[in-house]
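> Residue strings, one per chain:
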Amino acid sequence: MSVTLMKTPAETAFACAFDAQGPLASVRKSAFQQFAETGLPHWRMEDWKWTDLRQIISKALPPAAGTHAGAKVIDAIVAAAPFAGVANGRLVFVDGQYDAGRSALPAGVEFATLADAGSDRLVAGSTDPIAALNLAFMSDGAVLTFKAGSNIDAPIELMFVTTGAAAASYATRNVIVLEEGASATVIETHIGGEGEYLHNAVTQIHVGENARLDRVKVQEEGLDGIHLSNAEVHLAASAHFKDFTLTMGGRATRQQGFLTFEGEGTESHVSGAYLLTGKQHCDTRLVIDHAVPHCTSRELFKCVMDEAARGVFQGKAIVRRDAQKTDGNQSSHALLLSDEAEFDAKPELEIYADDVVCGHGATSGDLDENHLFYLKARGIPEQTAKSMLIAAFAAEAFDDVESDAIREVLTGLAEGWLDRRKGA
Amino acid sequence: MLEIRNLHVKLEEEGKQIIKGLDLTINAGEVHAIMGPNGSGKSTLSYVLAGRPGYEVADGSISYKGEDLLEMEADERAAAGVFLAFQYPIEIPGVATMQFLKVALNSQRKARGEGELSTPDFMRLVREKADKLNVTQDMLKRPVNVGFSGGEKKRAEILQMAVLEPSLCVLDETDSGLDIDALRVVADGVNALRSPDRAMLVITHYQRLLDYIVPDKVHVMSAGKIVKSGGKELALELEKEGYAAYAA
Ligand SMILES: Nc1ncnc2c1ncn2[C@@H]1O[C@H](COP(=O)(O)OP(=O)(O)O)[C@@H](O)[C@H]1O
Ligand SMILES: [Mg+2]
Numbered sequence: 164m165s166v167t168l169m170k171t172p173a174e175t176a177f178a179c180a181f182d183a184q185g186p187l188a189s190v191r192k193s194a195f196q197q198f199a200e201t202g203l204p205h206w207r208m209e210d211w212k213w214t215d216l217r218q219i220i221s222k223a224l225p226p227a228a229g230t231h232a233g234a235k236v237i238d239a240i241v242a243a244a245p246f247a248g249v250a251n252g253r254l255v256f257v258d259g260q261y262d263a264g265r266s267a268l269p270a271g272v273e274f275a276t277l278a279d280a281g282s283d284r285l286v287a288g289s290t291d292p293i294a295a296l297n298l299a300f301m302s303d304g305a306v307l308t309f310k311a312g313s314n315i316d317a318p319i320e321l322m323f324v325t326t327g328a329a330a331a332s333y334a335t336r337n338v339i340v341l342e343e344g345a346s347a348t349v350i351e352t353h354i355g356g357e358g359e360y361l362h363n364a365v366t367q368i369h370v371g372e373n374a375r376l377d378r379v380k381v382q383e384e385g386l387d388g389i390h391l392s393n394a395e396v397h398l399a400a401s402a403h404f405k406d407f408t409l410t411m412g413g414r415a416t417r418q419q420g421f422l423t424f425e426g427e428g429t430e431s432h433v434s435g436a437y438l439l440t441g442k443q444h445c446d447t448r449l450v451i452d453h454a455v456p457h458c459t460s461r462e463l464f465k466c467v468m469d470e471a472a473r474g475v476f477q478g479k480a481i482v483r484r485d486a487q488k489t490d491g492n493q494s495s496h497a498l499l500l501s502d503e504a505e506f507d508a509k510p511e512l513e514i515y516a517d518d519v520v521c522g523h524g525a526t527s528g529d530l531d532e533n534h535l536f537y538l539k540a541r542g543i544p545e546q547t548a549k550s551m552l553i554a555a556f557a558a559e560a561f562d563d564v565e566s567d568a569i570r571e572v573l574t575g576l577a578e579g580w581l582d583r584r585k586g587a
Numbered sequence: 194m195l196e197i198r199n200l201h202v203k204l205e206e207e208g209k210q211i212i213k214g215l216d217l218t219i220n221a222g223e224v225h226a227i228m229g230p231n232g233s234g235k236s237t238l239s240y241v242l243a244g245r246p247g248y249e250v251a252d253g254s255i256s257y258k259g260e261d262l263l264e265m266e267a268d269e270r271a272a273a274g275v276f277l278a279f280q281y282p283i284e285i286p287g288v289a290t291m292q293f294l295k296v297a298l299n300s301q302r303k304a305r306g307e308g309e310l311s312t313p314d315f316m317r318l319v320r321e322k323a324d325k326l327n328v329t330q331d332m333l334k335r336p337v338n339v340g341f342s343g344g345e346k347k348r349a350e351i352l353q354m355a356v357l358e359p360s361l362c363v364l365d366e367t368d369s370g371l372d373i374d375a376l377r378v379v380a381d382g383v384n385a386l387r388s389p390d391r392a393m394l395v396i397t398h399y400q401r402l403l404d405y406i407v408p409d410k411v412h413v414m415s416a417g418k419i420v421k422s423g424g425k426e427l428a429l430e431l432e433k434e435g436y437a438a439y440a441a
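These protein sequence lines map, in sequence, to chains D and Z.
Position one of the first sequence corresponds to residue 164 (our numbering), numbered consecutively onward.
Position one of the second sequence corresponds to residue 194 (our numbering), numbered consecutively onward.
With the rest of the complex left out, here is chain Z (with noise of 0.2 Å):
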């Protein structure tokens, strides 16, 4: 599903390298880890993933679904089934939280060839998918993340990505800032989308995420790079011995 080869990013502005040379597969079906000190440029690769733009792909290449990922607008990319659930989500006040959610999922079935959604089952799929993930119809009723807390805006990234339907989720840290009842929602959220036509990329820190969303291969990064890569066991030994090892 996803193909990374000797993947180089630099910073469009400054220039400084922070992907120096990746290199990751991950076949439909497979979730994958990516743990790694602060600062090793996790969110810079899911962010070139999704095609935010100030990044520069300087050498390498991105295949996804047999297509030149790259060639593609963040808006195409989404449309053809790649999700960011972002660590940071964004605020963006005065657009309605449902109104945000039905434009991306008709844009998306447009850009499929997919009729739009009539707005009450719309409403139906949402309302569905917020109640088992504990997000109230009053947080729909907010502009997007607007007055969020940190708990919920990582529910609503989950909500979104239960809603869309992607085939490539990648999960930036959506881990942290949850404590352990919102971690176990979260986590059945994400195993509810676990098929064998889609592929999950999961970021972050701390091993305690992979206790409930088990992955089948786990990777160190660390300045840049993919250090090390083994099955599950492998983030049990990071909880144990840290990253001092893997330090940039």
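In isolation and in its complexed conformation, chain D is listed as follows (with noise of 0.2 Å):
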């Protein structure tokens, strides 16, 4: 195992916690060595060269499962999120631990932890070295099934708290299959106190034939903490996936998702918002991979940064040789509200068939004056008319989402950020 690369103290107590002994064992060994080949993700490595993980992640976190907050604080913190009128059963895990007292799943839906449900559904075909770590260290998460031709209307929520009690770092996994025809809604919500952590999250989803999943992410991780994400997504034919991200929380986030269509006549739609300020950091990075003909993506980022906020986006769509008629089209759009508030898209397109439609465009800028001057000219006072000019920029990314009741949260959401940011 090559460990000369691990120098940082953070990739230091990284190895000295590592221990391939238990369940999975020679998973976690492999992941690990993987891990090891590159270590944190630095600035010169093509991908990171925005968010750089040796000087984010600055001090030791050692892997960690389980909490040491008392009752009280994960209450105050579940007790704030936001879905709780939405979700029609929720599974909570805490600092990477299932929460059984917590957590309720309506019938239908066949639910085990990962610790349960042994390494079968545990595809650690990624290269990417978070994802590595991720799978080395994993502690727990939901391993969800969707029956085949089951409609799963209202949603289900998985809430990972992460109390910050502990400087540490928590690895959560889970796996959502829906079976063929299947069709469903899950949240995922990300929520934490105050301290410093590291919480690390991958979800694998599965969307079988005709199934069709729509995915909300809310992150709200405490402002101390650091958010990891990998979301790897297989679509089969005919599948519709629509998946809505919201970032407000965080110190620093770097959240991927790989997608890969394995069928034809599937479509996929890909957005999210940022609403971030004081010096957080935001990184996006998607790959779509099309691999097969016929299919549609779509990937619309709107992000808001004020302050010295950074928000970063960079998509990529792969259109292989054999994906002929794919249709696919990406964009985002920044919203900066401050002279020092920073935003870089990245782009690229990887084209290897001819018979295609694909574009992509970003853009960047401040409020329009022309936008504001009217809704004052209408007697609307100038901090409301921001506000106001704010939410309809963030919103036309909610727009992707279905459910009426989910874009009402998100809205609300919204209006709290305005609202704090008005006051300051």
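Don't take each hint at face value.
[To be verified] Computed Cβ-Cβ distance ranges for the label pairs, DEER-style:
hint: 1; chain 1: Z; residue 1: Ile-283; chain 2: D; residue 2: Glu-200; range: 48 to 58 Å
hint: 2; chain 1: D; residue 1: Thr-423; chain 2: Z; residue 2: Gly-247; range: 44 to 54 Å
hint: 3; chain 1: D; residue 1: Asp-582; chain 2: Z; residue 2: Lys-433; range: 16 to 26 Å
hint: 4; chain 1: D; residue 1: Asp-582; chain 2: Z; residue 2: Ala-251; range: 33 to 43 Å
hint: 5; chain 1: D; residue 1: Asn-533; chain 2: Z; residue 2: Ser-369; range: 16 to 26 Å
hint: 6; chain 1: Z; residue 1: Ala-437; chain 2: D; residue 2: Gly-528; range: 21 to 31 Å
hint: 7; chain 1: Z; residue 1: Gly-247; chain 2: D; residue 2: Gly-522; range: 30 to 40 Å
hint: 8; chain 1: D; residue 1: Lys-212; chain 2: Z; residue 2: His-201; range: 50 to 60 Å
hint: 9; chain 1: Z; residue 1: Pro-246; chain 2: D; residue 2: Asp-518; range: 21 to 31 Å
hint: 10; chain 1: D; residue 1: Gly-528; chain 2: Z; residue 2: Asp-381; range: 34 to 44 Å
hint: 11; chain 1: D; residue 1: Gly-522; chain 2: Z; residue 2: Lys-433; range: 51 to 61 Å
hint: 12; chain 1: D; residue 1: Gly-522; chain 2: Z; residue 2: Glu-264; range: 41 to 51 Å
hint: 13; chain 1: D; residue 1: Gly-233; chain 2: Z; residue 2: Leu-318; range: 36 to 46 Å
[Said to hold, decoys possible] Below, a list of computed lysine-lysine pairs in the DSS-like style, where the Cα atoms sit at most 25 Å apart:
hint: 14; chain 1: D; residue 1: Lys-585; chain 2: Z; residue 2: Lys-295
hint: 15; chain 1: Z; residue 1: Lys-303; chain 2: D; residue 2: Lys-549
hint: 16; chain 1: Z; residue 1: Lys-209; chain 2: Z; residue 2: Lys-418
hint: 17; chain 1: Z; residue 1: Lys-421; chain 2: Z; residue 2: Lys-203
hint: 18; chain 1: Z; residue 1: Lys-418; chain 2: D; residue 2: Lys-549
hint: 19; chain 1: D; residue 1: Lys-442; chain 2: D; residue 2: Lys-549
hint: 20; chain 1: D; residue 1: Lys-585; chain 2: Z; residue 2: Lys-303
hint: 21; chain 1: Z; residue 1: Lys-213; chain 2: Z; residue 2: Lys-421
hint: 22; chain 1: D; residue 1: Lys-479; chain 2: D; residue 2: Lys-212
hint: 23; chain 1: D; residue 1: Lys-549; chain 2: Z; residue 2: Lys-295
[Claimed, not checked] Pulled a few chain Z residues facing chain D out of the computed Cβ check, cut under 8 Å:
hint: 24; residue: Ala-243
hint: 25; residue: Ile-283
hint: 26; residue: Ala-297
hint: 27; residue: Gln-353
hint: 28; residue: Asp-381
By construction, these hints were calculated from the structure, which means they are not laboratory data.
The C-beta atom is built at its ideal place from N, Cα and C for all residues, glycine as well.
Dock chain to chain to rebuild the complex, using the hints, since each chain is given by itself in its own frame.
In structure tokens:
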């Protein structure tokens, strides 16, 4: 094992903590080896230019599972979670471990915790160092199976609470399987307390033939929290997949989506919004792999950065040689509310087929003076007018969310963010 | 109601002089028309009244209801009753028309120390006014001015004016882009708002509008100044002889 590259305190802590014993030992061992080859991704690596994890994870955050926080602290965090009235069932994980007492699920969904599910569901195929780190240390997560033809319309929520009670890192991993013709909505909520911590979250998704999954992720990690996440998505023929992510929390966020079309006639919409302030950092990287013909992909990100916040969007679409009639379009738009705020976009197209329609676009700017004047000229005070325009900007990405109830929650979260901004 | 004295305005960035010594007094209950060739500064005057940034008042004064208008922010002017119907109404994607109107009305009411209108009362008010102006429910469901035709935008401006009930209505080329039927609808909407406590400044390039909105006074503006004033017959004269005599 090459550990020569592991030299930051954080890397050293991972190396010291790694223990290839217990269940899934061989899977964990090869994953850790893979991670050790690169160590924490850093700025000299092509895809990590804007997000240097060696800098960001500056001190040792040893892997842990299970919480030191008291019930009251956890209850307070859970009570502040946004989807209380909307979710039809909820699985709660606290500091990387399943919390059965706070969880309940409706009938018809097959559920096991990762700890119980065994190895057959774990696909270790990703070459990403963060996914490898997750596999090496994963403690728990949800393995959900939606049976063929089942239709669970009310949203199921996976809630990840990281209390910040210990300066530690937590690795969770979910597997979501929709069998043929199944239909479901899954919300992933990430919320955190005060204190420095790292949450590394992986979700593997398999959407079967003619199946439909709406996934909504809301990230409200604590403001000293670091959020790393990977979604690995496999789409079978005629599947529908919608994914929306709202990022408001965390000191630093790197979220990645790897999506592969594996059957024809499939459609995916991946969208997201950032509402960032202070020195928050969020970098989204998507890789959309059109491996087969006749698939449609759309990506839309609306990113709002205030104060000295920094946003990054890196979207790559690969259209393989056989993937004729691919229809792909990607765009990212940034709204910079201060001179110090920054945004970088890196769209990439790698096209090997000739009969395809693909495009991308990226814009970045501040609020439109003409819009602002029009609102003020009708008697709307400046701060209110600005909030309306910022909300309108972000809401374009919310429009991709199917459920009215979920969209209302998202709108409420954005309003809360804007009110705090106005009050500041 | 409105007293403009020796107004000089230049563009903040380029320093270019646009309004060069303009005087105008409008009393409550009066309707004044300003006519003039393109580029004479009519829209600039309307923007300076509404408080648009980018213009510098180099000299002169504007008093509105006895207060210094130039000291007020755009939203304060609106709350005090100044309304500009834009020559080119602005499209605002993502902001729903009804929400926009409601926030505007309630912000103005709040600034004046009045209570907010409830949602049902507000809906009723807008529906009633919208019907009269042929503004459809579908238009009200769209974002502000987005996807509206030229004529729809102008009708929407007048709807906003009818809902907000301002004291000083400035209409900048509200007639441009309207066919004769739409012109009639808009003019009826404007005339319905004529009242002894309200003043209007109607800016137009063509005399046609003034057949429907009959002014008390007509002014000719050229090269940033009012060069001639008269009664409504002045508009007819201009129509016959054109602006050649007043070219900048
Ligand atoms: N923001 C601006 N930037 C550059 N030129 C302007 C601007 N606003 C007005 N002008 C110029 O000022 C003059 C008067 O314009 P405007 O007030 O629109 O005239 P009108 O409405 O009478 O046609 C024109 O020459 C126009 O080009
Ligand atoms: Mg004009």
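> Confirm or reject each hint.
Verification of the hints:
The supplied range of 48 to 58 Å is met by Z/Ile-283 and D/Glu-200, whose beta-carbon atoms lie about 55 Å from each other. Against the hinted window of 44 to 54 Å, the Cβ-Cβ separation of D/Thr-423 and Z/Gly-247 comes to about 51 Å, which satisfies the hint. For D/Asp-582 and Z/Lys-433, the hinted distance range of 16 to 26 Å is not satisfied, since their beta carbons lie about 59 Å from each other. Between D/Asp-582 and Z/Ala-251, the C-beta spacing of about 40 Å keeps the proposed range 33 to 43 Å intact.
The hint said 16 to 26 Å for the Cβ distance between D/Asn-533 and Z/Ser-369, and at roughly 19 Å that hint holds. Checking the proposed 21 to 31 Å range against Z/Ala-437 and D/Gly-528 shows it is violated: the Cβ atoms sit about 43 Å from each other. Between Z/Gly-247 and D/Gly-522 the beta carbon distance is about 35 Å. The supplied range of 30 to 40 Å therefore holds. The beta-carbon spacing between D/Lys-212 and Z/His-201, approximately 53 Å, falls within the hinted interval of 50 to 60 Å.
Evaluation of the 21 to 31 Å hint for Z/Pro-246 and D/Asp-518 yields a failure: the beta carbon distance comes to about 50 Å. Between D/Gly-528 and Z/Asp-381 the beta carbon distance is about 41 Å. The supplied range of 34 to 44 Å therefore holds. As the Cβ distance of D/Gly-522 to Z/Lys-433 is approximately 55 Å, the hint placing it in 51 to 61 Å holds. The hinted window of 41 to 51 Å between D/Gly-522 and Z/Glu-264 holds, with their beta carbons roughly 49 Å apart.
Judged by the Cβ atoms, the range 36 to 46 Å given for D/Gly-233 and Z/Leu-318 is violated: they are separated by roughly 53 Å. Taking the CA atoms of D/Lys-585 and Z/Lys-295, the gap is near 20 Å; set against the 25 Å cutoff, the hint holds. With a C-alpha separation of about 18 Å, the suggested pair Z/Lys-303 and D/Lys-549 falls inside the 25 Å cut-off, and the hint holds. A hinted pair counts as satisfied when its Cα atoms are at most 25 Å apart, and Z/Lys-209 with Z/Lys-418 qualifies at roughly 15 Å.
Our distance criterion of 25 Å between C-alpha atoms is met by Z/Lys-421 and Z/Lys-203, whose separation comes to about 22 Å. For the suggested pair Z/Lys-418 and D/Lys-549, the alpha carbons sit about 35 Å apart, so the restraint of at most 25 Å is broken. A threshold of 25 Å between alpha carbons decides the hint, and for D/Lys-442 with D/Lys-549 the separation of about 21 Å falls inside it, so the pair holds. Restraint check for D/Lys-585 and Z/Lys-303: satisfied, since their Cα atoms lie roughly 18 Å apart, inside the 25 Å limit.
Straight-line distance between C-alpha atoms of Z/Lys-213 and Z/Lys-421 comes to about 15 Å, which keeps the hinted pair within the 25 Å bound. Taken as a hint, the D/Lys-479 and D/Lys-212 pair is honoured in the structure, with Cα atoms around 15 Å apart against an allowance of 25 Å. Simply put, D/Lys-549 and Z/Lys-295 have alpha-carbon atoms about 16 Å apart, close enough for the 25 Å limit, and the pair holds. Of the supplied interface hints, the one on Z/Ala-243 holds, with its beta-carbon coming within about 5 Å of a beta-carbon of chain D, less than 8 Å.
At about 4 Å, the closest approach between the beta carbon of Z/Ile-283 and any beta carbon in chain D falls short of 8 Å, and the interface hint on this residue holds. Because the smallest distance between the Cβ of Z/Ala-297 and any Cβ of chain D comes to about 4 Å, under 8 Å, the interface hint for this residue holds. Taken as an interface hint, Z/Gln-353 checks out: its beta carbon lies about 7 Å from the nearest beta carbon of chain D, inside 8 Å. Checking Z/Asp-381 against chain D: minimum C-beta separation of about 22 Å lies over 8 Å; hint violated.
Hint compliance for this structure: hints 3, 6, 9, 13, 18 and 28 are not met, and every other hint is.
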